[in-house]
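Generate coordinates for the entire structure from the input sequences, incorporating the hints supplied.
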Amino acid sequence: MLAVSVIFSFRDAKGKESSTKIRVPSTFSFAQYREFAAAGAQVLANMSTAELYDVSVAVGLDLSGASLRTLATQFADVFQKALIVVRSSVAGLFSRINIPTFDDANTVDGSDVLDILDPDVQALITLLEDGLDDGGLLILPVDARGNDLDEVSQAVEKFRKS
Amino acid sequence: MPPIEIVYTIEDRRKKTATTSIKLAEVESKARVNLFAVAWANVVDNIITGVIRSAIAILGVDISSLTSNTVTNDSDVEEIASAQFRSDAGTKVEVNIPAVLETLVNNDTGNLEPSAPQVAAFLAMMEDGIAVTGGTIIPCDIGEEGNLVNVYFRERSRNSGTRKAGG
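Chains as they are written, first to last, in my numbering: chain W, 9 to 170; chain H, 8 to 174.
Any given hint could be a false lead.
Stated by the list, open to error - Okay, the calculated bits of chain W under chain H, using three or more residues with CB under 8 Å as the criterion:
#1 27-41
#2 52-58
#3 106-118
#4 127-137
Claimed, not checked - If you want a taste of the chain H side facing chain W, the calculated C-beta under 10 Å gives, among others:
#5 Glu12
#6 Arg39
#7 Met132
#8 Gly136
Read the hints as simulated data drawn from the structure, not as lab findings. Positions of the beta carbon are idealized from the N, C-alpha and C atoms, including for glycine.
Now the structure itself:
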């Protein structure tokens, strides 16, 4: 596993932005990384005349437990995407998810709408709406404000730049 | 604090890459985030033609309690303190601190003054780490080799990492 990156972002008097990174071992918990990052932020803020406006931690995840294809098909194109819009549990809020290299075999014939009767599409929507059961405790996808995602309102194929 | 964001990189037949992401509650643990990341990768893989190359979790950090975090009129992110360290494996580790406070620089040598408390605190963080609940996190190189030793720490004027015009 590669080291975890703690990223500190600064903004100066002219509005220019710059970031710096400190790498740390991958064996710690999320809470421990946040503690390190907050304390490190103070150390850096004490040395800089710019404003430290954002701190984040990038942790590599282990996908070895997934069954993933290892070769792209001859039709794979990152511009071809599935756009999925999901309503959150708070009225008026929603989340957009773009999935590159979407396989249009998963659309309704003669349409750009994802086929919700297709088992693969169904599985994705179910995980998005209902979450993952981890020993009786659900892991639920959320919107940018942390509200649970409730219901897919739109799922279509789009061609967009990456 | 913002939610945890899982960002996947997907590669197409021309080796072009694009990302897709999904968010989970900020309180989720590393194990549960990884569990969900694997499940989501599986369902995404079934509806795409490209290859999922990697996944990372992006954690937000609360910095609302920072002190001495105000921008001064002469602040410029191109004026940096450049620190280089070497790990046990001999790998270079560089950290550039944007808009370095000039009073920390020795005017004769251009080096950061190690006797300044702020400089000493930075070097201690990089070489000895920071105590956190249940342990100490000590910085390392990209391959997780630690025991960083400072090679130099001096003022420079150049791009510090990712820089862009602000709005």
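How the hints compare with the structure:
no. : hint    : verdict
1   : 27-41   : holds (count 14)
2   : 52-58   : holds (count 7)
3   : 106-118 : holds (count 7)
4   : 127-137 : holds (count 6)
5   : Glu12   : 9 Å, holds
6   : Arg39   : 5 Å, holds
7   : Met132  : 5 Å, holds
8   : Gly136  : 8 Å, holds
Hint check: no violations occur; every hint is consistent with the structure.
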